[in-house]
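Trainee: Residues per chain, in single letters:
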Amino acid sequence: MPLLSVKDLRTWFHTRNGTYRAVDGVSFNLEAGETLGIVGESGSGKSVTCYSIMGLVPQPPGRIESGTAVFDGVDLLRCTPKEARQIRGKRLAMIFQDPMTSLNPYLRISDQLIEPLLIHNKISRKQALTRAMEMLDAVGINDASKRIHYFPHEFSGGMRQRVMIAMALITQPELLIADEPTTALDVTVQAQILELIKRLQKEFNMAVIFITHDLGVVSGLCDRVQVMYAGRIVETADTRALFQRPRHPYTRALQQSIPSLQPKGARLFTIPGMPPDLSKPIPGCAFAPRCTFAQPKCLERDPQLSECAAGHMQACIRVQDGEI
Amino acid sequence: MADTILELSDVKTHFPIYKGFILRRQTGTVRAVDGVSLKIRKGEVVGLVGESGCGKSTLARTILQLVPTTAGAVILGGRNLSSLSARELAAARKDLQMVFQDPYASLNPRMTVFDTLAEPLRVHGICTATEAPGRVAGLMEKVGLAPRFMQKYPHEFSGGQRQRIAIARALALNPAVIIADEPVSALDVSIQAQILNLLAELVREMGLTLVFIAHDLSVVKHISDRVAVMYLGKIVELGDASTVIERPQHPYTRALVSAIPTPNPDIERSRRRIVLPGDPPSPIHPPAGCTFHPRCPHVQERCKLAFPPLVHHDGREVACIRVGEI
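Sequence order for the protein chains is Y and E.
Numbering that gives the first Met the number 0 puts the first residue of the first sequence at 0, with every later residue one more than the last.
Numbering that gives the first Met the number 0 puts the first residue of the second sequence at 0, with every later residue one more than the last.
Treat the hints as calculated values from the structure; they're not laboratory data.
Values in this document were obtained by computation on a predicted structure and should not be read as measured data.
Glycine included, each C-beta is placed from N, C-alpha and C at the ideal position.
Treat the hints with care, since some could be wrong.
Taking lysine-lysine and the BS3-like style, the derived pairs with C-alpha atoms no more than 30 Å apart in a straight line are [as the list claims (entries may be wrong)]:
1) 11/E to 38/E
2) 6/Y to 89/Y
3) 18/E to 93/E
4) 6/Y to 201/Y
5) 263/Y to 38/E
6) 38/E to 93/E
7) 89/Y to 121/Y
8) 279/Y to 151/E
9) 145/Y to 18/E
10) 141/E to 151/E
11) 201/Y to 145/Y
12) 6/Y to 81/Y
13) 303/E to 145/Y
14) 263/Y to 141/E
15) 125/Y to 201/Y
16) 38/E to 303/E
17) 303/E to 263/Y
18) 6/Y to 279/Y
Some residues of chain E that are not near chain Y, with every Cβ distance over 12 Å (derived) [what the hints assert, rightly or not]:
19) 16
20) 20
21) 36
22) 78
23) 123
24) 141
25) 149
26) 156
27) 189
28) 257
29) 304
30) 310
Computed footprint of chain E on chain Y, listed as stretches where at least three residues anywhere in the stretch have a Cβ under 8 Å from a Cβ of chain E [stated by the list, open to error]:
31) 188–195
32) 207–215
33) 255–266
Given only the sequences and the hints, what does the whole structure look like? Please build it.
Mentor: Dropping the structure here:
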């Protein structure tokens with residue numbers, strides 16, 4: 000049985016300007032200990048998918064229209080708040096892009112680090128502090144007994160991200176959701192944080208969902224990747240298979256537009272146009288208006304994910320018809 | 000060099016730190032740019048890379064004289080910009096334009112595309128009011144925007160389109176040099192490719208000289224002829240972009256190159272990564288000697304004595320005394 004099973008998730012935002020279908024029918028499974036990468040451009044619904052699982056979608060304007068997210072037998076989208084609290088923050092943790100705004104500037108990190116422990120475990124404050132110092136040590140913050148009393152502003156960006164990771168992992172979660180945790184960091188610091196996540200994942204045998212727009216980060220870290228476009232999954236495969244032989248035209252286009260994969264100075268492949276307006280109904284394939292392979296039938300038939308090789312699913316009807 | 004268009008000679012930009020209000024006194028100095036020399040040829044694309052805080056943006060602002068130079072000279076077409084009067088400088092900026100990182104913040108939300116693009120033309124008296132719409136339409140076409148959007152406001156455009164407007168504004172005066180400070184960092188990959196193609200085209204067609212600042216080495220390698228790697232206000236490696244990025248010599252450049260994740264799982268999983276310990280040190284109290292020594296995997300006692308000068312080695316300039324032995 001998978002650790003997390005998301006089925007037909009639809010999260011829409013009802014605003015004055017219309018209904019935005021941010022996530023529109025997303026299904027995937029995640030096994031214990033697995034690393035799943037979710038890739039897509041801004042607005043593709045990768046963050047909203049994870050926010051829905053974590054119960055972080057502001058309601059209103061957001062609403063979870065349909066779907067289930069079953070974590071170890073409990074549907075996180077339907078269960079009572081009490082049941083959800085026993086899972087979220089304890090067995091399911093999340094880290095965010097900007098460590099500057101996701102730590103409370105008024106509290107010493109000691110108070111922020113032990114909060115999940117005091118809530119979820121029957122543990123004294125003193126024991127919790129000892130545990131917090133061990134965690135700081137594990138994420139590579141030296142001199143933990145002194146620095147645990149610092150405020151967030153006394154740390155650099157990379158160090159703050161380490162504090163966030165320590166805070167997320169202090170309850171030893173089975174699943175960590177990382178929403179672009181290295182986007183705001185410099186490459187050398189990014190390398191440190193990626194190594195850290197890899198090491199801790201092995202140590203704690205935890206599953207990771209890694210949201211990013213950087214295909215490079217995914218290629219080194221993830222077992223499996225799913226590519227999202229306009230609120231849907233368009234392709235999902237084993238990382239190696241996806242990079243070696245991307246099938247969906249959008250994945251191919253994304254790969255071709257990365258400078259490091261092209262000969263120097265060559266004209267980069269560009270995807271014409273812009274992502275669709277999610278507040279308007281989209282006939283057929285959402286990528287069709289920008290796709291070089293599009294045909295009239297792409298706008299008529301609603302594409303569905305189907306398997307094109309073992310463990311490799313994609314949603315282009317022309318690929319499914321064997322035409323490209 | 001005869002065709003040098005922009006020359007930086009030992010440029011230093013320091014910011015004083017003050018303490019106190021009534022008894023205000025200077026307690027320190029941020030050495031943001033600390034002795035940069037660089038000659039840029041006409042039509043060349045020079046990439047400037049480094050981590051946040053290394054002084055690359057301050058250097059860009061210094062070239063434009065948006066911040067005063069503490070020492071050294073910025074020479075554009077034979078004229079020392081730091082010695083010009085305000086009026087002369089305003090006129091000289093016609094040849095020197097800038098594109099900023101965030102296209103959401105660098106355009107005035109209350110000005111239409113036409114207002115934005117016509118303003119530099121008006122300020123410098125390039126054309127009459129009746130000619131302006133034609134000029135603006137031409138500029139918009141040059142950057143791939145339809146002139147029918149002339150009366151629209153920035154919020155009606157996407158990030159990539161806004162960056163095109165910012166580029167058109169920089170092009171309006173037909174400048175000799177454009178400085179682009181992280182022009183694609185805020186954009187998605189597919190949009191990033193469009194803007195990079197556009198810049199490459201403009202350089203080719205208009206003979207522009209481009210100083211391209213970025214932290215993404217793969218982007219810099221793609222577009223630049225030469226690349227300068229900065230660390231804590233100084234250039235540590237300078238040379239042909241492919242040479243430097245494919246065979247880096249300075250330990251910092253090596254770490255920087257090895258830190259970039261490659262979108263190829265086979266390479267990414269097999270290669271050895273150099274993970275630098277710690278964060279870049281503060282430019283207020285830079286370490287003695289080579290500023291990189293506290294994080295350098297090849298450090299020796301003699302590295303802590305003096306900052307090494309740039310020396311010629313293997314087809315590029317490197318500032319490391321151990322170059323050749325490591």
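Trainee: Look at each hint and say if it fits the structure.
Mentor: Hints and how they fare:
Only pairs whose Cα atoms come within 30 Å are accepted, and residue 11/E paired with residue 38/E is accepted, the gap being roughly 15 Å. Distance check on the hinted pair: residue 6/Y and residue 89/Y sit about 23 Å apart at the alpha-carbon level, within 30 Å; holds. Taking the CA atoms of residue 18/E and residue 93/E, the gap is about 38 Å. The hint is violated against a cut of 30 Å. Taken as a hint, the residue 6/Y and residue 201/Y pair is honoured in the structure, with Cα atoms around 28 Å apart against an allowance of 30 Å.
For the suggested pair residue 263/Y and residue 38/E, the alpha carbons sit about 23 Å apart, so the restraint of at most 30 Å is met. Distance hint between residue 38/E and residue 93/E is fulfilled; the C-alpha atoms sit about 20 Å from each other, no more than 30 Å. Only pairs whose Cα atoms come within 30 Å are accepted, and residue 89/Y paired with residue 121/Y is accepted, the gap being roughly 13 Å. With a C-alpha separation of about 22 Å, the suggested pair residue 279/Y and residue 151/E falls inside the 30 Å cut-off, and the hint holds.
A hinted pair counts as satisfied when its Cα atoms are at most 30 Å apart, and residue 145/Y with residue 18/E qualifies at roughly 27 Å. A distance of roughly 18 Å separates the Cα atoms of residue 141/E and residue 151/E; the hinted pair therefore holds under the 30 Å criterion. Distance hint between residue 201/Y and residue 145/Y is fulfilled; the C-alpha atoms sit about 28 Å from each other, no more than 30 Å. For the hint linking residue 6/Y to residue 81/Y, the alpha-carbon distance of about 22 Å falls within 30 Å, and the restraint holds.
For the proposed pair residue 303/E and residue 145/Y, the alpha carbon gap of about 29 Å is at most 30 Å, so the pair holds. Taken as a hint, the residue 263/Y and residue 141/E pair is honoured in the structure, with Cα atoms around 23 Å apart against an allowance of 30 Å. Distance check on the hinted pair: residue 125/Y and residue 201/Y sit about 28 Å apart at the alpha-carbon level, within 30 Å; holds. Taken as a hint, the residue 38/E and residue 303/E pair is honoured in the structure, with Cα atoms around 29 Å apart against an allowance of 30 Å.
Taking the CA atoms of residue 303/E and residue 263/Y, the gap is about 37 Å. The hint is violated against a cut of 30 Å. Distance restraint check for residue 6/Y and residue 279/Y: the Cα-Cα separation of roughly 23 Å lies within the 30 Å cut-off, and the hinted pair is therefore satisfied. Non-interface status of residue 16/E relative to chain Y is upheld: no Cβ of that chain comes within 12 Å, the nearest being about 17 Å off. Non-interface call for residue 20/E relative to chain Y: holds, since the shortest CB-CB distance, roughly 22 Å, exceeds 12 Å.
The beta carbon of residue 36/E sits about 25 Å from the closest Cβ of chain Y, which is more than 12 Å, so the claim that it is off the interface holds. For residue 78/E, the condition that its CB be more than 12 Å from all CB atoms of chain Y holds, with the nearest at approximately 32 Å. Listed as a non-interface residue, residue 123/E keeps its Cβ farther than 12 Å from every Cβ of chain Y; the least gap is roughly 33 Å. Look at residue 141/E: its CB is around 17 Å from the nearest CB on chain Y, clear of 12 Å, so calling it non-interface holds up.
With a minimum CB-CB distance of about 19 Å to chain Y, residue 149/E clears the 12 Å threshold, and the non-interface call stands. Not every CB of chain Y is more than 12 Å from the CB of residue 156/E (nearest about 10 Å), against its label as outside the interface. Consistency note on residue 189/E: stated as away from chain Y, yet its beta-carbon is not over 12 Å from all of that chain's, at 4 Å minimum. Against chain Y, the non-interface label of residue 257/E is violated: not every CB pair exceeds 12 Å, the least being about 8 Å.
Against the 12 Å criterion, residue 304/E stays outside the reach of chain Y, whose nearest CB is about 25 Å from its own CB. Every Cβ of chain Y is farther than 12 Å from the Cβ of residue 310/E; the closest lies at roughly 24 Å, confirming the non-interface assignment. Coverage of a stretch by a chain is defined here by at least three residues with a beta carbon nearer than 8 Å to that chain's beta carbons; for the segment 188–195 of chain Y and chain E the count is 6, and the condition holds. Residues of the segment 207–215 of chain Y lying with their CB closer than 8 Å to a CB of chain E number 4, which satisfies the three-residue condition for coverage.
Three residues within the 8 Å Cβ limit are the bar, and the segment 255–266 of chain Y against chain E gives 9, so the coverage statement holds.
Hint check: violations occur at hints 3, 17, 26, 27, 28; the rest are consistent with the structure.
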